[in-house]
Amino acid sequence: MADPMRIRASMTGGKVEVKVLMAHEMETGQRKDAQGKIVPAHFIRNVTVTHAGRTVLAAEWGTSVSRNPFLHFRFSGGKAGEKISITWVDNKGEKRTDEATISG
Amino acid sequence: MRLDWRFGTCMDRMRREVLKSGGGAGLFAWAVAVGLVKPSQALAQGWNKAAFETKSVADTIRALGGSGSTESKDIQITAPDIAENGAVVPISVESRLARTQAIAILIEKNPFTLSADFRIPAGTDPFVSTRVKMAETSNIYALVIADGKYFHAVKEIKVTIGGCGG
Amino acid sequence: MIAMRVPLVAGALAAALSFVAAAQDETQKGIERYRELLSEGNPAELWEARGEELWKAKRGPKNASLEQCDLGLGRGVVKGAFAQMPRYFPDTDRVQDVESRIVTCMVAVQGFTPEEAMKNPFSTPDRPSDLEALASYVAAASRGMKLDAPLRHPKEVEAFRVGEQLFYRRAGPHDFACVSCHGENGKRIRRQDLPKLNDPKEARRIFTTWPAYRVSQGTVRTMQHRLYDCYWQMRHPQLSYVSEASIGLMVYMAKYANGGTINAPGLKR
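Each protein sequence line maps, in turn, to chains Z, D and L.
At position 85 of the first sequence (counting the first as 1) the number is 85 in our numbering, and the numbers step up by one without a gap.
At position 29 of the second sequence (counting the first as 1) the number is 133 in our numbering, and the numbers step up by one without a gap.
At position 130 of the third sequence (counting the first as 1) the number is 400 in our numbering, and the numbers step up by one without a gap.
It should be emphasised that the hints constitute simulated quantities derived from the structure, not laboratory data.
None of the hints are false.
For lysine-lysine, the following BS3-like pairs were computed, each having C-alpha atoms within a straight-line distance of at most 27 Å: (1) D:Lys262 - D:Lys213; (2) D:Lys213 - L:Lys299; (3) L:Lys326 - Z:Lys19; (4) Z:Lys83 - Z:Lys95.
As the structure is a computational prediction, the values presented were derived from the model and not from experiment.
Generate the whole structure from the sequences, applying the supplied hints.
Written out as structure tokens, the structure reads:
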């Protein structure tokens, strides 16, 4: 099971500001290891953020998003105390879902 | 299925526009974003393989359903002029274009041009901030799809050490 | 005619050099902006979180948590402990840095053997290091505090002298010592600034940002790793993990860095 994300969701100017760090190697598939073999690509392909059953952001990523990806965005309609949920799915089918409570 | 009251027939028109332009798997993500598909279904969502294999800005725009793109001063790219390490380049994109539906980040000199494609549903600010890998000094394009039309802004970022894993 | 050309050439040269200097300033400003834009969302937070989990988990043959560990301020006190390291510990009769102290606790509290505790100090792409995560967690608990590593106990003073000797000791095929790169103000290697480590102004700013997430390595790196890497770069023999030599060097640097505000884990290229 992949390591948990670090999610910060807070009310800023009436909107929910989300900053998240995901633990993922985001391997490009172009790097060679010490033996000269290509290290296979292993990267997050899809990121979905939901709030109250509604998707507030959907992303498709390629291998050139940095390792241990950082994402920051804002949406309206959320309130302090409510939860958001973030899911990522990678090219190997591994996935991770974490929740965070919106702080005041 | 939740339908935002603002969409109504507007949503039908948008759907037809996207279908016409052949959005491929990107359509699925958009459909989730605008509430046509429930989030639980989204776990089996698509990934626009063709778009992530393109090697030019023009090809990427085509793979994302556009036939071309207009430069716009209403798209702001916030990024450093020079990156100490190409493995981690911070980039934020903010669009002031009405009805922004998607923001994509393209890196012209990377092995594959498309880095990330964000679908912005109504109610979400047309703003994203993330970090990307740059193989070498290159132009970065922020592509915005707004009201079914394609716009972009460009910024050159110098890279002191390439960051794709060499 | 030639005599008239010389001032022209000199003038042109001066203009060219000032252009280069201005360009270098631009580059420096650009890099500072790059670092500024990266300053939020430090991936090291992932290590801090994992370190906290590892600290609180019951592990090892004794199935105990490190919450019983004494980092110098009493059993279980993590906040502020990193700010007072390296320091002498009576129970081991040694001067210890944060990493060697974590190892001590993994052995004494959790029952690991020293070999088991130290088997993976530096993470590789396939194997994350628990020690890196634990060091990140402990360091973060001193964030914002001033470094106040003691230099009172005879063994602390001795460690300082060891570190000072090593700092100036030239060796290896390049005849390098730490002082070769870190002994003068204003030096750099390509675009990497080299702090003068026994200048308090620079030491206070730099020493206090370790451990740090290094984007070029894609992981947090600790001070033990930084020193190990320096020794490799100097082509000196391998610096052993948590050796007396490594801790001596840290005590030496800490003396000049004392008073600086801890901002670890930091973020570096």
